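So the sequences go chain by chain: H and G.
Position 15, counted from 1, in the first sequence is what the numbering used here calls 15; the numbers after and before it change by one each time, with no gaps.
Position 21, counted from 1, in the second sequence is what the numbering used here calls 21; the numbers after and before it change by one each time, with no gaps.
Just so you know, these hints were derived from the structure itself, not from any lab.
Note that the coordinates shown come from a computational prediction; the quantities given were computed from them, not determined experimentally.
Each residue gets a CB set at the ideal place from its N, CA and C atoms; glycine is no exception.
Check each hint, because a few of them may be wrong.
Computed footprint of chain G on chain H, listed as stretches where at least three residues anywhere in the stretch have a Cβ under 8 Å from a Cβ of chain G [stated by the list, open to error]: (1) 30-42; (2) 76-86.
Sample of chain H residues lacking proximity to chain G, with all beta carbon distances greater than 12 Å (derived) [unchecked claim]: (3) G3; (4) R55; (5) F64.
For reference, the chains in residue letters:
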Amino acid sequence: DAGVTQSPTHLIKTRGQQVTLRCSPKSGHDTVSWYQQALGQGPQFIFQYYEEEERQRGNFPDRFSGHQFPNYSSELNVNALLLGDSALYLCASSLGLAGGAHEQYFGPGTRLTVT
Amino acid sequence: GNSVTQMEGPVTLSEEAFLTINCTYTATGYPSLFWYVQYPGEGLQLLLKATKADDKGSNKGFEATYRKETTSFHLEKGSVQVSDSAVYFCALSRGSNTGKLIFGQGTTLQVKP
């Protein structure tokens with residue numbers, strides 16, 4: 001049973017560039033949430049996708065956008081990268097919206113470094 | 001707003017010592033509470049949860065009780081092992097229809113043999 005997978009594992013970008021991170025949910029899951037984890041901090045909620053629509057959004061600027069595909073996989077896009085965007089980006093999947101937070105499964109994350 | 005506060009680390013213990021990691025929260029209504037663990041180089045794993053006041057979550061020897069009167073959800077283990085060395089996150093979610101987890105800043109636990 002495949003868990004949540006994310007790609008790439010590591011990424012180095014330059015300020016002002018754009019980046020796309022990818023996530024495949026755990027088998028049987030249809031909801032994907034994205035989190036940003038700065039070094040030494042707890043994860044911060046970015047947004048959640050269900051049925052290919054953004055359902056909830058945290059306190060992140062519009063530079064952060066996402067997409068969910070019919071196979072439930074998801075992408076996180078960040079435009080006009082800033083040094084402060086350097087972080088570990090975590091994807092979490094769950095089944096449905098109701099009570100989804102109770103059984104979220106996290107991937108290993110993508111480490112983004114902006115120079 | 002909703003928030004979670006954890007005791008600062010790192011916490012360093014000898015094997016078989018008793019562990020307590022404090023967690024308090026601020027939230028309106030009745031949030032669900034969680035402890036997640038993050039081992040080096042890995043994603044977060046759900047350790048235990050409690051969804052209403054006075055519930056006790058438990059898993060792998062770890063326990064935490066949802067205390068509404070003190071807005072706390074402290075993590076405890078009677079005898080830690082070297083393999084318990086990791087970062088522990090307390091988190092809450094509000095409502096029944098949400099994927100938004102609010103995390104504390106994490107507490108690093110180092111267990112020495």
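Status of each hint after checking the structure:
no. : hint  : verdict
1   : 30-42 : holds (count 6)
2   : 76-86 : violated (count 0)
3   : G3    : violated, 8 Å
4   : R55   : violated, 7 Å
5   : F64   : holds, 15 Å
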